[in-house]
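Trainee: Given next are the chains, with one letter for each unit.
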Amino acid sequence: MFTEFLQNCIDGLMIGSGYSLLALGFTMVFGVMKRINLSYGPSIMLGAYFGTWLYLNLEQNAWLVLLGTIFGTVVVGIYVERLCFRAIKSDSTIASMVSSFVIWMQLEEIAMHLLPERTYPFPAFFAAKTIEFGPFYVRSEHLTMFILMLIIVLILHFFLYQTRQGLAIRALSDNPMASLYIGINRSKTLFLSFFLVSLLGGIAGFFILSTDSQITPFFGLWATFKGLIAMMLGGMGSLPGAIIGGLLLGIVEANVFWYGDPILRDISAYLLLFVMLVLRPGGIFGQSIVLRQRLAQERV
Amino acid sequence: MLKIQSISKHFGGVKALNELDLEVEEGEIYGVIGPNGSGKSTLVNVICGIFLPTEGDVIFEGQILSENPTHQRLKKGIARTFQNIRLFPNLTVWQNLWVARNSVEDIKTESSFYRWFGKSSIVKKEIEKMLEFSNLGNRADELASSLAFGEQRRLELARALATKPRLLLLDEPAAGMNKDEIRDLDGRIRSMQLQGITIILIEHVMELVMGVTDRIAVLNFGSKIAEGNPQEIQNNDAVQEAYLGYSEDD
Ligand SMILES: Nc1ncnc2c1ncn2[C@@H]1O[C@H](COP(=O)(O)OP(=O)(O)O)[C@@H](O)[C@H]1O
Ligand SMILES: [Mg+2]
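In order, the protein sequences belong to chains A and B. Heads up, the first sequence is in the numbering used here, so the first residue is 1 and it goes up one at a time. Heads up, the second sequence is in the numbering used here, so the first residue is 301 and it goes up one at a time.
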């Protein structure tokens with residue numbers, strides 16, 4: 001009984017690491033721009049469609065698909081940045097959210113035209129295997145994704161805390177007004193963040209889809225939902241929050257799936273979010289965001 | 301060095317600045333005083349490029365600045381502090397200074413690897429000098445939000461200095477300070493002048509303005525009503541009138 005529960009938690013951690021990667025992208029955009037980029041999931045989906053298009057039309061090589069997915073996601077990410085975020089004034093939060101929704105629809109259309117049938121195969125680096133640890137077991141591709149998530153988090157942390165570009169991003173997120181006055185180029189820094197986030201999204205998308213070994217047009221919606229929920233659980237704008245939120249979501253889903261009903265799995269995610277928002281509106285790590293916003297609203 | 305040429309700035313019906321002319325010489329400490337709402341902060345925002353003037357030009361070292369965004373003006377050497385402190389609360393004291401220094405640096409004297417990670421000895425030495433100047437040496441690794449009020453003011457000043465300005469705009473730097481802290485600030489302002497920085501000081505605290513400035517302009521309703529050295533300003537009738545009942549409560 002207890003072994004079963006632990007096994008579910010392990011599965012949850014593995015699947016949750018994918019949610020964490022998605023949530024990192026949402027939380028970084030929110031941290032820097034105080035906006036939600038609804039079209040993040042669909043941009044990853046379109047990037048992945050490009051990757052799988054290469055797979056079908058050029059060469060059956062997982063590396064090619066990985067690079068293609070990353071490249072596609074970055075190109076779409078820059079397109080989204082130009083259209084939804086740069087073109088719209090910095091104080092129109094709602095407008096840029098609505099336009100990111102419109103772009104979502106547009107991206108799904110493009111994906112359908114690129115590859116008109118709905119489901120396509122998606123390759124992985126190696127064939128799925130099951131690895132045993134005593135009474136427990138994990139799938140090799142899940143373990144890969146989990147380890148990759150840890151590595152990405154370490155690199156991201158190092159970048160944001162130890163390099164000058166990373167520090168500029170944090171300064172802009174911390175106090176946008178003050179960052180102007182110490183000479184930070186706002187649009188350059190926002191562009192850099194979007195580039196990074198898209199890069200991250202491409203990598204995340206590839207590994208999540210590899211474990212499913214297929215891609216459908218629903219992936220965009222799915223990725224936006226999972227990423228948003230994980231981010232809100234952890235706290236909007238918080239990096240550790242995105243990681244913990246994703247893992248928590250994975251663990252809860254895996255247990256509900258096992259003990260309850262497969263259909264309940266998705267409902268449990270919304271329920272969990274609802275409970276969290278009632279008990280702790282800022283999310284696990286999000287309380288300070290509320291304070292920070294108050295600070296940012298002071299007058300010049 | 302800085303020339304404000306018949307600048308007007310209107311907010312809807314409010315004329316925050318009204319055909320204002322100013323000229324600041326290189327190396328001087330230029331005071332700007334005036335009642336609340338007379339347009340002092342607006343003047344700072346126009347010089348820094350946060351507001352575009354409705355009319356008129358800002359000329360810095362012979363160049364018209366109208367189209368330059370704030371971050372470019374900073375690279376030309378215009379820095380400021382705020383009436384309300386604006387630090388990076390979730391960055392440490394050291395990082396607050398580092399990020400400021402980084403964003404102006406264009407000289408590639410060191411390998412880009414070191415520049416990226418900020419570990420070069422030149423950077424460290426400069427930042428340590430800033431820490432010493434602002435008397436924050438023992439708080440370098442603490443978050444800016446954990447500093448006391450006076451320390452935050454000192455950090456903000458040091459951060460502006462870290463951008464290596466040639467013109468520094470101080471918007472009410474003594475607000476909320478006690479007598480000792482004001483004396484301290486007085487010394488810091490003089491020492492910055494000795495380092496060759498031109499300073500525009502906006503301030504309500506008269507003992508500071510009258511003691512430290514070379515020349516003073518008085519604003520009222522967005523226009524200059526007087527200009528001169530501290531002695532002349534103190535004896536000026538128009539100034540007395542604009543400040544009537546004002547100096548008592550401030
Ligand atoms: N962003 C703004 N929008 C509208 N009105 C403003 C703005 N900033 C300043 N004002 C108005 O301009 C006038 C001058 O304000 P300000 O420059 O802050 O004065 P001071 O700093 O001398 O107290 C005031 O009437 C103020 O209400
Ligand atoms: Mg003011």
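Among these hints, one or two may not hold up.
As the list claims (entries may be wrong) - Output of the computed footprint for chain A on chain B, the stretches with three or more beta carbons under 8 Å from beta carbons of chain A:
| # | region |
| --- | --- |
| 1 | 312-320 |
| 2 | 449-455 |
Said to hold, decoys possible - Here are the simulated BS3-like pairs of lysine-lysine, each with C-alpha atoms no more than 25 Å apart in a straight line:
| # | chain 1 | residue 1 | chain 2 | residue 2 |
| --- | --- | --- | --- | --- |
| 3 | B | Lys315 | B | Lys376 |
| 4 | A | Lys188 | B | Lys303 |
| 5 | B | Lys376 | A | Lys188 |
| 6 | B | Lys524 | B | Lys303 |
| 7 | B | Lys315 | B | Lys303 |
| 8 | B | Lys464 | A | Lys188 |
None of these hints come from the bench; they were simulated from the model. Cβ coordinates follow ideal geometry from the N, Cα and C atoms, glycine included.
Trainee: Now look at each hint and say whether the structure bears it out.
Mentor: To see whether the hints hold, each was checked on the structure:
With 0 residues bearing a CB less than 8 Å from a CB of chain A, the region 312-320 of chain B misses the requirement of three and the coverage assertion fails. Closer than 8 Å: that is the beta-carbon criterion, and the region 449-455 of chain B has 0 residues meeting it against chain A, so the requirement of 3 is violated. Our distance criterion of 25 Å between C-alpha atoms is broken by B/Lys315 and B/Lys376, whose separation comes to about 29 Å. A threshold of 25 Å between alpha carbons decides the hint, and for A/Lys188 with B/Lys303 the separation of about 30 Å lies outside it, so the pair is violated.
Taking the CA atoms of B/Lys376 and A/Lys188, the gap is near 18 Å; set against the 25 Å cutoff, the hint holds. For a cut-off of 25 Å, the pair hint linking B/Lys524 to B/Lys303 stands: about 14 Å separates their Cα positions. About 20 Å separates the Cα atoms of B/Lys315 and B/Lys303, which keeps this hinted pair within 25 Å; it holds. At roughly 22 Å between alpha-carbon atoms, B/Lys464 and A/Lys188 fall within 25 Å of each other, so this suggested pair holds.
Of the hints listed earlier, those the structure fails to meet are numbers 1, 2, 3, 4, in rising order.
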